[in-house]
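Those sequence lines, one after another, are chains R and U. Quick note on UniProt numbering: the first sequence kicks off at 1 and runs consecutively. Quick note on UniProt numbering: the second sequence kicks off at 1 and runs consecutively.
Keep in mind that the hints were calculated from the coordinates and are not lab data. Note that beta-carbon positions come from the ideal geometry of N, C-alpha and C, so glycine has one too. Take the hints with a grain of salt, since some may be wrong.
Each computed DSSO-like pair below joins lysine-lysine, with the alpha-carbon atoms no more than 30 Å apart [as the list claims (entries may be wrong)]: (1) K72/R - K220/U; (2) K220/U - K177/U; (3) K72/R - K177/U; (4) K45/U - K220/R; (5) K45/R - K220/U; (6) K72/R - K72/U; (7) K205/U - K220/U; (8) K72/R - K177/R; (9) K3/U - K220/R; (10) K220/R - K205/R; (11) K45/U - K108/U; (12) K108/R - K29/R; (13) K177/R - K176/U; (14) K205/U - K176/U; (15) K3/R - K29/R; (16) K38/R - K205/R; (17) K72/U - K3/U.
Chain U is nowhere near these chain R residues, computed Cβ spacing over 10 Å in every case [to be verified]: (18) G8; (19) K38; (20) S66; (21) Q81; (22) P122; (23) R141; (24) D170; (25) V180; (26) A209; (27) A218; (28) K220; (29) Y222.
Stretch by stretch, here's where chain R covers chain U in the computed footprint (C-beta under 8 Å, at least three residues) [what the hints assert, rightly or not]: (30) 34 to 41; (31) 66 to 76; (32) 115 to 123; (33) 126 to 138.
2 protein chains.
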Amino acid sequence: MTKINLLGLLQNHALFRHISQEDVRELQKEVVKLELGKGSMLFRKGDMAEATYIVVFGLIKLCLPSSQGNDKVLELIRGGQSLGEAMMFLDEPYPFYAEALENTLLLKIPRHALLQLLDRSPLMSRQMLAGLSYRLLGFIRNVERYSLQNATQRVIDYLLQLSASQRSNDIRLELKKHLVASLLNLSPETLSRILHQLMDEHLIKVYGASIHITSEEALKSYQQNMHALA
Amino acid sequence: MTKINLLGLLQNHALFRHISQEDVRELQKEVVKLELGKGSMLFRKGDMAEATYIVVFGLIKLCLPSSQGNDKVLELIRGGQSLGEAMMFLDEPYPFYAEALENTLLLKIPRHALLQLLDRSPLMSRQMLAGLSYRLLGFIRNVERYSLQNATQRVIDYLLQLSASQRSNDIRLELKKHLVASLLNLSPETLSRILHQLMDEHLIKVYGASIHITSEEALKSYQQNMHALA
Numbered sequence: 001m002t003k004i005n006l007l008g009l010l011q012n013h014a015l016f017r018h019i020s021q022e023d024v025r026e027l028q029k030e031v032v033k034l035e036l037g038k039g040s041m042l043f044r045k046g047d048m049a050e051a052t053y054i055v056v057f058g059l060i061k062l063c064l065p066s067s068q069g070n071d072k073v074l075e076l077i078r079g080g081q082s083l084g085e086a087m088m089f090l091d092e093p094y095p096f097y098a099e100a101l102e103n104t105l106l107l108k109i110p111r112h113a114l115l116q117l118l119d120r121s122p123l124m125s126r127q128m129l130a131g132l133s134y135r136l137l138g139f140i141r142n143v144e145r146y147s148l149q150n151a152t153q154r155v156i157d158y159l160l161q162l163s164a165s166q167r168s169n170d171i172r173l174e175l176k177k178h179l180v181a182s183l184l185n186l187s188p189e190t191l192s193r194i195l196h197q198l199m200d201e202h203l204i205k206v207y208g209a210s211i212h213i214t215s216e217e218a219l220k221s222y223q224q225n226m227h228a229l230a
Numbered sequence: 001m002t003k004i005n006l007l008g009l010l011q012n013h014a015l016f017r018h019i020s021q022e023d024v025r026e027l028q029k030e031v032v033k034l035e036l037g038k039g040s041m042l043f044r045k046g047d048m049a050e051a052t053y054i055v056v057f058g059l060i061k062l063c064l065p066s067s068q069g070n071d072k073v074l075e076l077i078r079g080g081q082s083l084g085e086a087m088m089f090l091d092e093p094y095p096f097y098a099e100a101l102e103n104t105l106l107l108k109i110p111r112h113a114l115l116q117l118l119d120r121s122p123l124m125s126r127q128m129l130a131g132l133s134y135r136l137l138g139f140i141r142n143v144e145r146y147s148l149q150n151a152t153q154r155v156i157d158y159l160l161q162l163s164a165s166q167r168s169n170d171i172r173l174e175l176k177k178h179l180v181a182s183l184l185n186l187s188p189e190t191l192s193r194i195l196h197q198l199m200d201e202h203l204i205k206v207y208g209a210s211i212h213i214t215s216e217e218a219l220k221s222y223q224q225n226m227h228a229l230a
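Looking at chain R on its own, in the form it has when it is part of the complex (with noise of 0.2 Å):
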């Protein structure tokens, strides 16, 4: 078992920050520390949603299954991120599942110890509604990318964006392309032919899971070129 410093953990996420040391003592009790190795389920569509999950290291997936195989990325939940708080406010099951992608270690919130301290803090009721707001704002955010943006906008704002989130310009694609496609609302074909594209501009190179981007500046304005043709 991956020792961890639990108590600290609860206390330096967002979701906690307004309730007593004491509040979060008794929380640490009921907490759960789940390791999921690769590929593990976490759990899957139809199962009714009991608790909220903290993910402390790893990557999980949430997917919409298809029956024709093609199943639907629709969000990665990364390390101190939270996941699930949705569906336990609503006597449904989750319409999703949730599958590690790499070795993953989660804090299980059980739903009556949550409900619990939302009823006696107004502060974290409050946060936790900021949160749900912040992730619906996401949804709309994306609804906005595949609805207003072509294919090639699309995958230049994902290559911008991870650019920006590892902090360089050789950026490591954490999921396979399939899953990249699936997440950006493109077949896999799609994909590939657009960073073909991209190469053929000299705008990146590809080497296998990373990718190279030559220029910043040349690679947004390739992306504006486009928006003001289409």
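Keeping the supplied structure of chain R fixed, place chain U upon it in accordance with the hints.
Relative to chain R, chain U alone:
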């Protein structure tokens, strides 16, 4: 000014189900009635979110503007529903605009009045958390629809939904066809092509803004069969 029973409307709204009579009376003093003519703007993209709005009657469309003119319809808000909660918790401007599609009466609940109530009532907070969660689930269902269903399946889904909510096989399109297309992430041309295809299959008849569903069962089984073939 339309005469309405403001107190009754507030008391009966799900959002205020858990607050005291006294608190509703206090709230009433802060609420502003807004009448919007068809085509009027409630707010624009970039405006700051200072309130939550309850629609008493009418129809509001939330839209992402596009420089190319093909704005993307994000959501329709009908009588009894509310809008703007999520953005109120974030210090960010609206990423969408809100426009009345019909003559619409709204109640504007100022941010400070709502936050005050939330700080005093854990049950109201819980109600609002559930409300935001439900909206998030709606977005997920929407992603499911556009990414796992083909265009024809989406159109059939929409017709069956309208038929269920209007409790009739003779349905009235409440939106112009280009707005229906935007809502379903289709081009207007694709929507027209699919409606013609369904007419050719004798599944529906189209009379201007009205559609007659010949047989719900036949329409459903057509949709199912497409799934099996996809």
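Hints versus structure:
no., hint, in the structure
1, K72/R - K220/U, "holds (24 Å)"
2, K220/U - K177/U, "holds (22 Å)"
3, K72/R - K177/U, "holds (28 Å)"
4, K45/U - K220/R, "holds (23 Å)"
5, K45/R - K220/U, "holds (23 Å)"
6, K72/R - K72/U, "holds (21 Å)"
7, K205/U - K220/U, "holds (16 Å)"
8, K72/R - K177/R, "holds (13 Å)"
9, K3/U - K220/R, "violated (54 Å)"
10, K220/R - K205/R, "holds (16 Å)"
11, K45/U - K108/U, "holds (18 Å)"
12, K108/R - K29/R, "holds (11 Å)"
13, K177/R - K176/U, "violated (39 Å)"
14, K205/U - K176/U, "holds (17 Å)"
15, K3/R - K29/R, "holds (16 Å)"
16, K38/R - K205/R, "holds (29 Å)"
17, K72/U - K3/U, "violated (34 Å)"
18, G8, "holds (27 Å)"
19, K38, "holds (25 Å)"
20, S66, "violated (5 Å)"
21, Q81, "holds (15 Å)"
22, P122, "violated (4 Å)"
23, R141, "violated (7 Å)"
24, D170, "holds (31 Å)"
25, V180, "holds (14 Å)"
26, A209, "holds (24 Å)"
27, A218, "holds (22 Å)"
28, K220, "holds (17 Å)"
29, Y222, "holds (17 Å)"
30, 34 to 41, "violated (count 0)"
31, 66 to 76, "holds (count 5)"
32, 115 to 123, "holds (count 5)"
33, 126 to 138, "holds (count 10)"
Checked against the numbered hints listed earlier, the structure breaks hints 9, 13, 17, 20, 22, 23 and 30; every other hint is satisfied.
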